[in-house]
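Taken in order, these protein sequences are the chains called A and B.
For reference, each letter of the first sequence is one residue, going 1 to 288 in the working numbering.
For reference, each letter of the second sequence is one residue, going 1 to 238 in the working numbering.
It is worth saying that the hints were derived from the structure and are not from the lab.
The structure presented is a predicted model; accordingly, all values stated were derived computationally and were not measured.
Note that beta-carbon positions come from the ideal geometry of N, C-alpha and C, so glycine has one too.
Among these hints, one or two may not hold up.
Listed below are several chain B residues computed to face chain A (Cβ distance under 10 angstroms; list not exhaustive) [stated by the list, open to error]:
| # | residue |
| --- | --- |
| 1 | VAL55 |
| 2 | VAL81 |
| 3 | HIS110 |
| 4 | GLY114 |
| 5 | LYS157 |
| 6 | VAL173 |
| 7 | GLU175 |
| 8 | SER223 |
| 9 | ALA224 |
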Amino acid sequence: MDALLFQITSGITTGFIYASLALALVMIFQSTNHINFAQGEMAMFSTYIAFTLVQAGVPFWIAFPTTLLGAFVMGFVIERFVLRPFADAPVLTIVIVFIGLLVIFNSIAGWIFGYEMQPFPSPFPHSWGTRLVSAHQLGIAVVTLSVLAAVYLFFRFTSLGLAMRAAAQNPVSSRLVGIRVGLLLAVGWGLAAAIGAVAGIMAAPIVFLEPNMMAGIMIYAFAAALLGGINNPAGAVPGGIIVGVLENLAGAYVVGTELKLTTALVMILLVLLIRPAGLFGRTLRTRV
Amino acid sequence: MTAILEIRDLSVSYGASRVIFDASLGVRPGSVTVLLGANGAGKTTLLRAICNMMVRTRGEIRLEGQPIENMATEEIARLGVAHVPDGRGTFIHMTVQENLQLGAYGRRDHAAVGDDFERIFAYFPRLRERRAQPAGTLSGGEQQMLAIGRALMSRPKLLLLDEPSFGLAPLVVKEIFDILRAINRADGVSILLVEQNANLALSLADYGYLLETGRIVMHDTASALSNDDSIRRVYLGY
Ligand SMILES: Nc1ncnc2c1ncn2[C@@H]1O[C@H](COP(=O)(O)OP(=O)(O)O)[C@@H](O)[C@H]1O
Ligand SMILES: [Mg+2]
Chain A
1 MDALLFQITS GITTGFIYAS LALALVMIFQ STNHINFAQG EMAMFSTYIA FTLVQAGVPF
61 WIAFPTTLLG AFVMGFVIER FVLRPFADAP VLTIVIVFIG LLVIFNSIAG WIFGYEMQPF
121 PSPFPHSWGT RLVSAHQLGI AVVTLSVLAA VYLFFRFTSL GLAMRAAAQN PVSSRLVGIR
181 VGLLLAVGWG LAAAIGAVAG IMAAPIVFLE PNMMAGIMIY AFAAALLGGI NNPAGAVPGG
241 IIVGVLENLA GAYVVGTELK LTTALVMILL VLLIRPAGLF GRTLRTRV
Chain B
1 MTAILEIRDL SVSYGASRVI FDASLGVRPG SVTVLLGANG AGKTTLLRAI CNMMVRTRGE
61 IRLEGQPIEN MATEEIARLG VAHVPDGRGT FIHMTVQENL QLGAYGRRDH AAVGDDFERI
121 FAYFPRLRER RAQPAGTLSG GEQQMLAIGR ALMSRPKLLL LDEPSFGLAP LVVKEIFDIL
181 RAINRADGVS ILLVEQNANL ALSLADYGYL LETGRIVMHD TASALSNDDS IRRVYLGY
């Protein structure tokens with residue numbers, strides 16, 4: 001019984017990591033209709049920045065927000081200077097740009113930081129741990145839920161958040177009310193990169209730091225984003241939790257740890273086949 | 001008196017296909033100017049050209065003397081041009097309240113925005129009742145009211161209206177036109193109105209232009225146009 005509970009709670013906490021990265025994917029998909037395949041690698045690169053700061057003696061709780069700020073700038077700049085020139089390019093071209101970004105981030109990380117696994121110490125005090133959840137798991141829950149709540153409040157209650165939602169839903173009408181859609185798209189990329197960085201930094205103590213650390217997580221996050229509804233930011237959290245728990249249960253009781261990742265792929269396929277809008281996909285009856 | 005909007009020798013195209021040919025047109029401050037024309041004449045295209053939206057233009061467009069033909073749509077909006085587009089362009093997944101809020105997005109005088117909500121709700125009481133509903137669930141008439149309300153939230157100098165009567169019941173159309181008249185009188189907003197319903201439009205307008213297959217073929221005061229034989233035959237149906 002304890003073992004089952006343990007699998008579930010640890011599934012929920014990794015689920016929060018998937019949820020963060022899934023939210024980053026959904027945010028970009030909503031405004032561009034593209035999946036940013038490089039989202040995981042951008043998060044990995046940000047994690048190295050945090051790691052480097054901590055190694056240099058910066059306290060973690062200063063390194064963390066500094067990294068998020070750096071990730072924001074990185075996302076903003078990538079949209080403005082790498083993707084903007086391809087704004088009207090065919091889908092395949094954009095996919096190639098994303099894959100290019102993925103490879104570039106991966107290689108640059110390997111080149112600068114090396115390919116050896118580095119332990120990334122958990123920033124949370126050991127005293128937080130209980131019999132059922134470790135200190136780091138509890139920390140993940142606290143940090144990711146705070147970030148997700150902040151993102152929710154931003155989009156729900158600020159004028160900039162409202163304008164960003166408008167720009168994603170209807171860019172033509174947004175321009176007509178004076179919204180600088182292009183600028184806000186870059187801001188959205190910045191925010192997504194910062195949210196992805198949270199996922200990377202929270203994951204690093206579990207998976208160890210190395211250039212390929214986000215590969216598996218990215219697939220789970222993609223499954224979470226699809227399950228929650230690729231068009232529905234609020235679905236990312238339940239999507240992430242469901243994927244995290246199913247992954248753990250399948251790994252422990254069904255397919256074994258080696259085949260765990262397959263469960264994510266099966267979930268992706270099932271969603272695409274049965275319910276492409278996702279479990280929490282938005283439907284709205286409209287009148288004309 | 002300088003015109004609020006002055007268009008000179010404007011040509012407009014979609015890609016390689018030219019739709020408007022050397023059009024010239026002016027809107028006087030505080031007036032209602034109507035652009036009449038049959039379906040496909042290029043009325044929507046001309047309004048799009050003013051906002052530099054989806055089209056390529058050549059020629060001069062001035063807002064209070066300032067050239068705007070090379071400005072981005074969002075910057076033109078910020079100068080005080082509010083466009084209620086063809087198809088209304090409401091944010092259907094957002095609430096009525098949020099749609100109106102977005103109308104005020106480019107404004108700096110945040111303190112006055114609250115009063116403007118009240119002003120719009122006074123014109124359109126039904127929007128107040130439905131303020132928490134997604135715009136997509138409103139009736140056609142209510143959506144048109146919302147689109148106009150959203151435009152007014154920006155405190156525009158110039159209001160561009162693309163067939164506000166389209167697809168609406170006569171009673172709703174009358175209600176909307178009464179309110180447009182009130183808005184023009186009370187707030188002094190200049191209006192450029194596009195309509196196929198010439199009767200209705202000329203009853204509201206001070207001045208009118210007639211567009212035929214991309215060319216302005218006639219312009220005069222609204223009362224002169226109402227009495228013009230060819231206009232009466234083709235556009236007024238009597
Ligand atoms: N997006 C577009 N791309 C190409 N041609 C268009 C587009 N929109 C309208 N047109 C063409 O431009 C002409 C004028 O259309 P429009 O401005 O919509 O007329 P109106 O509003 O007077 O009915 C029509 O021949 C129409 O087919
Ligand atoms: Mg039209």
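Verification of the supplied hints:
Evaluation of the B:VAL55 hint against chain A yields a violated restraint, the C-beta minimum of about 12 angstroms exceeding 10 angstroms. The restraint placing B:VAL81 at the interface with chain A holds, with a minimum CB-CB distance near 9 angstroms, inside the 10 angstroms limit. Annotation: interface hint on B:HIS110 holds; nearest CB of chain A at approximately 8 angstroms, less than 10 angstroms. Interface hint at B:GLY114: violated, since its Cβ lies 13 angstroms from the closest Cβ of chain A, which is beyond the 10 angstroms cut-off.
For B:LYS157, the suggested interface contact is broken, since its CB lies about 13 angstroms from the closest CB of chain A, more than 10 angstroms. Interface hint at B:VAL173: violated, since its Cβ lies 16 angstroms from the closest Cβ of chain A, which is beyond the 10 angstroms cut-off. Hint status for B:GLU175: violated, given a least beta-carbon distance of 18 angstroms to chain A, over 10 angstroms. A distance limit of 10 angstroms between C-beta atoms decides the matter here; for B:SER223 the minimum to chain A is near 32 angstroms, and the interface restraint is violated.
Taking 10 angstroms as the C-beta contact cut-off toward chain A, the hint placing B:ALA224 at the interface is violated, the least distance being around 33 angstroms.
Hint compliance for this structure: hints 1, 4, 5, 6, 7, 8, 9 are not met, and every other hint is.
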